[in-house]
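Undergrad: Using the sequences and the accompanying hints, generate a full structural model.
Protein chains: 2
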Amino acid sequence: MILPENYLIFLGDVASPLDAKTAFGLRDWRPEVCVGQWRLPACRVDLGLPERTPAQAAAAGARTLVIGVAPVGGQIADAWVAALVEALDAGLDVASGMHTRLRSVPTIAAAADRTGRSLFDVRHSDERFPVATGRRRSGRRLLTVGTDCAAGKKYAALSITRAMKSHGIHATFRATGQTGILIAGSGVAIDAVVADFAAGAAECLSPDNEPDHWDVIEGQGSLFHPAYAGVTTALLHGSQPDALVVCHDPGRETMDAYPEYPVPDLRRCIDANLEAARLTNPGVLCAGLALNTSPMAAEERARFLEGLQERFGLPCFDPIATGADALVDHLLRVCPSVRASAPSAPETG
Amino acid sequence: MILPENYLIFLGDVASPLDAKTAFGLRDWRPEVCVGQWRLPACRVDLGLPERTPAQAAAAGARTLVIGVAPVGGQIADAWVAALVEALDAGLDVASGMHTRLRSVPTIAAAADRTGRSLFDVRHSDERFPVATGRRRSGRRLLTVGTDCAAGKKYAALSITRAMKSHGIHATFRATGQTGILIAGSGVAIDAVVADFAAGAAECLSPDNEPDHWDVIEGQGSLFHPAYAGVTTALLHGSQPDALVVCHDPGRETMDAYPEYPVPDLRRCIDANLEAARLTNPGVLCAGLALNTSPMAAEERARFLEGLQERFGLPCFDPIATGADALVDHLLRVCPSVRASAPSAPETG
Numbered sequence: 004m005i006l007p008e009n010y011l012i013f014l015g016d017v018a019s020p021l022d023a024k025t026a027f028g029l030r031d032w033r034p035e036v037c038v039g040q041w042r043l044p045a046c047r048v049d050l051g052l053p054e055r056t057p058a059q060a061a062a063a064g065a066r067t068l069v070i071g072v073a074p075v076g077g078q079i080a081d082a083w084v085a086a087l088v089e090a091l092d093a094g095l096d097v098a099s100g101m102h103t104r105l106r107s108v109p110t111i112a113a114a115a116d117r118t119g120r121s122l123f124d125v126r127h128s129d130e131r132f133p134v135a136t137g138r139r140r141s142g143r144r145l146l147t148v149g150t151d152c153a154a155g156k157k158y159a160a161l162s163i164t165r166a167m168k169s170h171g172i173h174a175t176f177r178a179t180g181q182t183g184i185l186i187a188g189s190g191v192a193i194d195a196v197v198a199d200f201a202a203g204a205a206e207c208l209s210p211d212n213e214p215d216h217w218d219v220i221e222g223q224g225s226l227f228h229p230a231y232a233g234v235t236t237a238l239l240h241g242s243q244p245d246a247l248v249v250c251h252d253p254g255r256e257t258m259d260a261y262p263e264y265p266v267p268d269l270r271r272c273i274d275a276n277l278e279a280a281r282l283t284n285p286g287v288l289c290a291g292l293a294l295n296t297s298p299m300a301a302e303e304r305a306r307f308l309e310g311l312q313e314r315f316g317l318p319c320f321d322p323i324a325t326g327a328d329a330l331v332d333h334l335l336r337v338c339p340s341v342r343a344s345a346p347s348a349p350e351t352g
Numbered sequence: 004m005i006l007p008e009n010y011l012i013f014l015g016d017v018a019s020p021l022d023a024k025t026a027f028g029l030r031d032w033r034p035e036v037c038v039g040q041w042r043l044p045a046c047r048v049d050l051g052l053p054e055r056t057p058a059q060a061a062a063a064g065a066r067t068l069v070i071g072v073a074p075v076g077g078q079i080a081d082a083w084v085a086a087l088v089e090a091l092d093a094g095l096d097v098a099s100g101m102h103t104r105l106r107s108v109p110t111i112a113a114a115a116d117r118t119g120r121s122l123f124d125v126r127h128s129d130e131r132f133p134v135a136t137g138r139r140r141s142g143r144r145l146l147t148v149g150t151d152c153a154a155g156k157k158y159a160a161l162s163i164t165r166a167m168k169s170h171g172i173h174a175t176f177r178a179t180g181q182t183g184i185l186i187a188g189s190g191v192a193i194d195a196v197v198a199d200f201a202a203g204a205a206e207c208l209s210p211d212n213e214p215d216h217w218d219v220i221e222g223q224g225s226l227f228h229p230a231y232a233g234v235t236t237a238l239l240h241g242s243q244p245d246a247l248v249v250c251h252d253p254g255r256e257t258m259d260a261y262p263e264y265p266v267p268d269l270r271r272c273i274d275a276n277l278e279a280a281r282l283t284n285p286g287v288l289c290a291g292l293a294l295n296t297s298p299m300a301a302e303e304r305a306r307f308l309e310g311l312q313e314r315f316g317l318p319c320f321d322p323i324a325t326g327a328d329a330l331v332d333h334l335l336r337v338c339p340s341v342r343a344s345a346p347s348a349p350e351t352g
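Those protein sequences? They're chains A and B, same order as listed. Residue 352 is where the first sequence ends in this note's numbering, and the numbering goes up by one at each step. Residue 352 is where the second sequence ends in this note's numbering, and the numbering goes up by one at each step.
Read the hints as simulated data drawn from the structure, not as lab findings. Treat the hints with care, as some may be off.
Pair ranges (Cβ atoms, derived) [said to hold, decoys possible]:
| no. | chain 1 | residue 1 | chain 2 | residue 2 | range |
| --- | --- | --- | --- | --- | --- |
| 1 | B | PRO7 | A | SER19 | 48 to 54 Å |
| 2 | B | ALA45 | A | ASP129 | 49 to 55 Å |
| 3 | B | ARG106 | A | VAL84 | 29 to 35 Å |
Here are a few chain B residues that face chain A, going by a calculated C-beta distance under 8 Å [what the hints assert, rightly or not]:
| no. | residue |
| --- | --- |
| 4 | VAL75 |
| 5 | ASP129 |
| 6 | PRO133 |
| 7 | ALA135 |
| 8 | ILE193 |
| 9 | VAL196 |
| 10 | PRO262 |
| 11 | GLU263 |
| 12 | TYR264 |
| 13 | ALA301 |
| 14 | ALA305 |
| 15 | GLU309 |
| 16 | GLY310 |
| 17 | GLN312 |
| 18 | PHE315 |
| 19 | GLY316 |
Each residue gets a CB set at the ideal place from its N, CA and C atoms; glycine is no exception.
TA: Below, the structure is given as structure tokens:
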């Protein structure tokens, strides 16, 4: 899958930033290719990008409209269809991370055929995955897990990959969701794989590698989520991580969109993930905690992270505000096989 | 899905009874519709049914050839194709529980079109499932879980349903795998659902019901299985069981086909399943243990079951050898809402 760059980010009628995580992910990790945002009148989320219609974006160099919304269930809303057709008519391709395939909506398929534009469904892979074998693979793996969905697992993995590379460690970000795939240009949307093969897909995503190479795998869902814990479990077992990083949004008391379900205690979340991960890698350890401290002022953030660091005896960082250097320094100390070599050229992700 | 009865059971070239669980399930729970078995020369499994070719079976009243093999990965073997075509030519429909759809094999599709016979893929549903809500539903639910795959979860659920009905309890067997679906005539193959919707499919399978009605849900996989624990987790959360029954094959020391993975200790398996199930039903309890004691003589079986019963303080039964009456008696004591009403007519399953 190679999407023509640059991108116009479509926000539709989204009301909550949590439902626009694809849009924020691209803005934060691929800013150089985002030439604008396009919003329907009901939209209440703002990326801070220039407002552009498809025609204006095309004139400014955009080649693909990317749906930046990631709603629960991953359906294409009826309210978006006319907008997507307008983008095709303006000469843009359209990329979607939904479960619904773009071509399955007749109006969109007809417009793509009429205009000769391409439709990209990044959540779907044509690859057939095997049943997981449980066989230990060479190379090292770090998986981000979390207390909830949308708790910073992708941002943590991207910032850890960046920090590893700046420390001279050979590292690859492995995307497991639609946004990560759009950022990295490849990956497997684990939640779109047939359940029997989900752990097998995770095994394929981080194959045998050099002993000192790290795959930094984007986590999905949460073991404490009533809808997605199965996806989380399959990814955890198939990834056979050497190290976990637990991601948490301290401002959240109940699971996003599941107000009956409390966010689990951090200690309990660490223990449950370690216990599950030991099945395929008995040597797994928790390497640190990633916190979303975006609403905090600098002093409050520093106090908060220090307090947690003291409580858990682990590096605690914010992927955006502090970066993951402290985590990587800690990994270099606790994992004998992590060794810094000559720094590689900086790359995105 | 309504398969024309009766059935000829196709065993292909299967070598292990564990890989022929569909065949054994039909023989044991729908014997009245199984008119024969058909085996390729390499086959080393025997159901004890009359040996019949498709033509002989058709003459004896068979209308459908059912693939009785359930290999890891669920693919249609090349070695079966000529046999399936012979069945179609003999006037039989063909039913399969594989992940591979029958129609995706060109030779089979052409033979079905030529003969006008039907192809049934019972593992696939055309239904679209929603993301799980985690909402508590009315009615009662029992789920069978296990230390491994093929450890007796389906047999336990079928025998519990039968015993509940004979106690006058309103109960429904809910099939979650291809064999269960062939036995019950309906159900959802959870492992064939896209991972994001697997817990949602489990919610749909046991909808709101009368307060004293029990859904007895066939479990899948094991929390300790490196390939299938994600499926197990999704089914556990979506089923929100009030009661678990843990199924175990005491003759097995390592997971079937995964010799690197030991079968978990029963106490650890009970605790892990209860801990995971509490997420969607904090009141869940373990109601008993189902053991496959088929290789044991009567006295050894009795001693073995009594020893376990003492160790765990729970009813321990063999779905085939002893039936589940002791378990249902126990449930009547420990679950206040389980009450016997007028006995319903006996039904299969």
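Undergrad: With reference to the structure, classify each hint as holding or not holding.
TA: For each hint, the structure was consulted:
1. The hinted range of 48 to 54 Å is satisfied by B/PRO7 and A/SER19, whose Cβ atoms lie roughly 51 Å apart.
2. A C-beta distance of roughly 33 Å is found between B/ALA45 and A/ASP129, which places it outside the suggested range of 49 to 55 Å.
3. Between B/ARG106 and A/VAL84 the beta carbon distance is about 31 Å. The supplied range of 29 to 35 Å therefore holds.
4. Nearest Cβ of chain A to the Cβ of B/VAL75: about 5 Å, under the 8 Å cut. The hint holds.
5. Because the closest C-beta pair between B/ASP129 and chain A is about 14 Å apart, greater than 8 Å, the hint is violated.
6. A least Cβ separation of about 7 Å between B/PRO133 and chain A falls short of the 8 Å threshold, and the interface hint therefore holds.
7. Annotation: interface hint on B/ALA135 holds; nearest CB of chain A at approximately 4 Å, less than 8 Å.
8. About 7 Å separates the beta-carbon of B/ILE193 from the nearest beta-carbon of chain A, less than 8 Å, and the hint is met.
9. Of the supplied interface hints, the one on B/VAL196 holds, with its beta-carbon coming within about 6 Å of a beta-carbon of chain A, less than 8 Å.
10. For B/PRO262, the suggested interface contact is broken, since its CB lies about 10 Å from the closest CB of chain A, more than 8 Å.
11. Because the closest C-beta pair between B/GLU263 and chain A is about 6 Å apart, less than 8 Å, the hint holds.
12. The closest approach between the C-beta of B/TYR264 and any C-beta of chain A is roughly 6 Å, which is under the 8 Å cut-off, so the hint is satisfied.
13. Proximity of B/ALA301 to chain A is violated relative to the hint, the smallest CB-CB distance being about 37 Å (cut-off 8 Å).
14. The beta carbon of B/ALA305 is not positioned within 8 Å of any beta carbon in chain A (closest approach about 34 Å), and the interface hint is therefore violated.
15. Interface hint at B/GLU309: violated, since its Cβ lies 32 Å from the closest Cβ of chain A, which is beyond the 8 Å cut-off.
16. Because the smallest distance between the Cβ of B/GLY310 and any Cβ of chain A comes to about 28 Å, over 8 Å, the interface hint for this residue is violated.
17. Proximity of B/GLN312 to chain A is violated relative to the hint, the smallest CB-CB distance being about 28 Å (cut-off 8 Å).
18. Taken as an interface hint, B/PHE315 does not check out: its beta carbon lies about 21 Å from the nearest beta carbon of chain A, beyond 8 Å.
19. For B/GLY316, the shortest C-beta to C-beta distance to chain A is roughly 25 Å, which exceeds 8 Å, and the interface hint is violated.
Comparing the model with each numbered hint stated earlier shows that hints 2, 5, 10, 13, 14, 15, 16, 17, 18, 19 do not hold.
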